[in-house]
Structures are given as structure tokens and as C-alpha cells.
Amino acid sequence: MDKLSFENHIASRYDEELEQIFSQLMAMGGKVEQQVQLAVKAILDSDSNIAERVIQGDKDVDRMEIRIDEDCVLVIARRQPTASDLRLVISVTRAVADLERIGDEAEKIAKHALELIEHGPLMSGYTVVSQLGVSVTAMLHNALDAFARFDADAAMRTIDEDKQVDQEYKAALSELDTLMASEPALLKQYLNLVWIVRSLERIGDHAKNLCEQIVFVAKGKDIRHQ
Amino acid sequence: MPDMKVNEKHVTVGKQFHDDPRMTMRNVNVFYGEKQAIHDVSIDIGKNEVMAMIGPSGCGKSTFLRSLNRMNDTVEGCRVEGEICMDGESLYNTKLDVVELRARVGMVFQKPNPFPKSIYENVAYGAKIHGLADSRIDLDEIVENSLNKAGLWKEVKDRLHQPGTGLSGGQQQRLCIARAIAVTPEVILMDEPCSALDPIATARIEELIKELSENFTIAIVTHSMQQAARVSDRTAYFHLGQLIEVNPTEQVFTMPEHELTEGYITGRFG
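Sequences listed follow chains A and B, in order. Just so you know, the first sequence maps onto residues 1 to 226 in this note's numbering. Just so you know, the second sequence maps onto residues 1 to 270 in this note's numbering.
Bound-form chain A, shown alone (with noise of 0.2 Å):
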């Protein structure tokens, strides 16, 4: 196959309801998005009405996940899908677990944004998150690009990205080292920050999953542990 469609089943309500799938997997990846670039937000701007806003938003990403899963099922019982559309409804399944899970990290920087701001914000330490934030952000972007295109050439220039953010994540770490041991009164807060920057550089490689079920749908081969 050369180009993927929900289109064309003789059932044509076999399209609408992969459609609809696709449509709220792609409202998923937006809304998990904007999680994780506020949680971002919520800690370099010290603002707690963002950070509470993310925790209460990741139940709403609960609920998309569950949703999802849901019509998922209901679609392998009613027309059990083969070829593409298999592969499609199967990709989902295993997408919107990694979003649900980035949707934890999102909740997870929240959180220790909400601890900072309530111990005082730090002085330093802040440009790495900021850094490795971009990064994945930048990331997560670029696999629900090419998530909504199927666009597997993209899904493996993206999945190369991780090794950046890696880097940058190790860089991460040693510079938060360095200031820990300069400054081991504000460990606890550093301590934050170490967790912030975990969670990020495991929201990219969430990113680079989706990037792998991209690969199987459009090219029908299994990618993942290579």
C-alpha cells in the first residue's frame, strides 16, 4: 500500500468508525501536547494555576485513553479488521498507551512544579529543563506529524531524535550533579529537578514508540528492540 485512507469499505460506516478512531487518537496526541509544553511552562514560569491545570487535565487524557481502547475493541468485534486497517486499529491500541504514559509524565513535572514553587524557586538549574523541554516537545510534535500523514520516513528521522535528546538529558543530569554538590542545602529542590528531567527524557522515548507504530502501519514491519 502507498498511501493509507479509511476510505472506500463497501461498509461505509466501517470508514466513519476508523475515522473517528484516527480523529480522537490525533485529539489525544493534541491534548497530551499542550500537557506536557504547560508542564514545561508551569515549572521555568513558576506558576501553580498551570501546574494544577495539568493535573487536572491528565484526567481527561485518562478518559480519551479509555475511550479509544474502547472503540477499538468494538471495531475488532464488529469487522475484524486485516491488512491496513489492522494494522491501524492495532497501532492505536498501542499509541494511546504511550500518550496515556506521557500524560503521567506531563502530570509528574506538574507536580514537582507545584513542590518548587512551594519550597521558592531555584536560582539556577533551569536552563537544562528548558533545553531538554524543547527537545522533546520538539519531538512529540514531529511523531504526531507524522502520525496524522503515516509518514514512516518522518517517524524514523524523529526516532533519531532521541538520541539527541539522550545527550542532552546526560548533559542534564551532570550539570544538576555539579549544582547539587555546590549547593547541598537545595538538594530537595535540585532533587525536582532531576525528576522533571526523567520524565522528559522518558516522554521521548514514549515519542519514539509512536514513531515505531507508524512504521508498522504504513510498512506493515515491526521495528521495535532494534
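One or more of the hints may lead you astray.
[Unchecked claim] BS3-like cross-link-like pairs, simulated, lysine-lysine; straight-line CA separation at most 30 Å:
id	chain 1	residue 1	chain 2	residue 2
1	B	210	A	221
2	A	221	B	15
3	A	221	A	163
4	A	219	B	15
5	A	219	A	108
6	B	210	B	128
7	A	188	A	108
8	B	128	B	117
9	A	163	A	188
[Unchecked claim] Some chain A residues well away from chain B (every beta-carbon gap over 10 Å; in silico):
id	residue
10	52
11	79
12	220
Just so you know, these hints were derived from the structure itself, not from any lab. Backbone N, C-alpha and C fix where the C-beta goes; we use that ideal spot for every residue, glycine too.
Based on the hints, put chain B in the right spot on chain A.
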């Protein structure tokens, strides 16, 4: 769907040949009078393989299946060209005894068609005319074995002399399978064997197909793609008399090679 002209030379994609074939078909063309129903089909069916043949109505899959034991000989105006061999021997050799051939390549039809005789006689008949039993004891053994292999023995052993037509549809179909097995075929052809059966009887036949493949080579034409997915080792997709794709069944239903196959199995074929 791309526009396909049937007269163009078409190349089948996938794995149409087999390392250990029971039947080899090469450049097979079938005509009904002027009308060509099968276009240049080449395919192997392996020993102990279950080959499913799928495709929309009128694609030629049943015509092709019927060519494999010369059932088309009985259709007026039907002409088969090309090579159809079993174990290297041409089935269209004029010296070949067609009755014997149909014992070696048995057939099970869409609608169960037991003879209007007893269950016992239905199974014993072929064995008798082919001289496979020297005594009544031999014949009893053949009947019991065949009914056992067809998964019907336990259900009918106490009423062997009642009419076969008194059985349920699913049982009648298994009786027809027992009748085919009784003459020790090498290949069993099945033409939509479950289309007249309910899901439970269908599940029994499908289970049976898997068991029979240990001893026989099976080619099955089916309109149920899920059935093809469940029972077969390889699947062949026919379209407008051409063999479009042959591949391992797990590949055909997850990542078919040809877009016509994809269109058909995903229900996009208009």
C-alpha cells in the same frame, strides 16, 4: 482500485511455488466456449498443505478448483489448456482413468450431497467400486476409519444403516468428507464447504481441515476470508480470472503484497 485489463499479461506476486509440491499447475487457461475464465495461472500446492483460494464472485476460483480433478470435463464447451500435474504426472493425459483420478483428488461441495443411501453405504460405496476392500471386515474397517477421521464416528456408529440424508447439514458435510477420505485420496478439493452450515458446524469442519492436512493436501475455495485466515497455510487471491497473489496466509491478512488483494480483504472492493 486500479483498472486491470484481463487480457494483459499479468504477473502473479508472492510465493506461488512450493519446494515440495503435490500438485503443479503451469500456465493454466480455462475457457467456456469463447469466454476465457482463467488466464495463465501458475501455482503449486504443497504436500500436506492447506491452500485457500479467495476472490470475488466470478473471479474463477471455483473454475480453477474444478480443473484440478477434471470436473470441468463434464461442462459442455469447457476447455482447459496448460499443465496440471499431480506428483509430476499430467492429469489431462488422455490415457488417465478419470474415475480413478477423482478418487485420488476427492471433492467436497458447497451443499452436502450424500447419496440417498445409508450412512454406511455412502462411505463404503467408493471403496467398493475402487476395489479397496477384499471382505466385509475390510469394508467395515474402511467405513469406521473414514468416519473417525471425519469426526463423525461417535455420532453415527449406532445408526450406520439409517439414511445419510437424515443427518444434520454439518453431519452430512462430514459424511461427504468421510466418503472422499474412504478412497484414500492424495488431495481433497473443497468448494465452499461451510457456506450452507451454521457457525458450530463450520467450526467442526474447520477443525477437521486442520486435522486432515496431516494426511492429505487440501485446496479450499471460500467466500469467508476469516475462514481462509483460520485454516490455510497459503492463500491465493484471484481477480477476473487472474491469479493476483499467493503468499503465506499470515502475510496476506496482515500485509498483502498486491493492492487488489488489500482492497478485497479489507472490504474495499467495489
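For each hint, the structure was consulted:
1. B/210 with A/221: holds, 29 Å
2. A/221 with B/15: Holds, at about 19 Å.
3. A/221 with A/163: holds, 22 Å
4. A/219 with B/15: holds, 19 Å
5. A/219 with A/108: violated, 35 Å
6. B/210 with B/128: holds, 28 Å
7. A/188 with A/108: OK: residue 188 of chain A and residue 108 of chain A at ~16 Å, within 30 Å.
8. B/128 with B/117: With Cα atoms ~14 Å apart, residue 128 of chain B and residue 117 of chain B stay inside 30 Å; holds.
9. A/163 with A/188: The given pair, whose Cα atoms are some 29 Å apart, holds under the 30 Å limit.
10. 52: holds, 45 Å
11. 79: violated, 8 Å
12. 220: violated, 3 Å
This entry does not satisfy hints 5, 11 and 12, going by the numbered hints stated previously.
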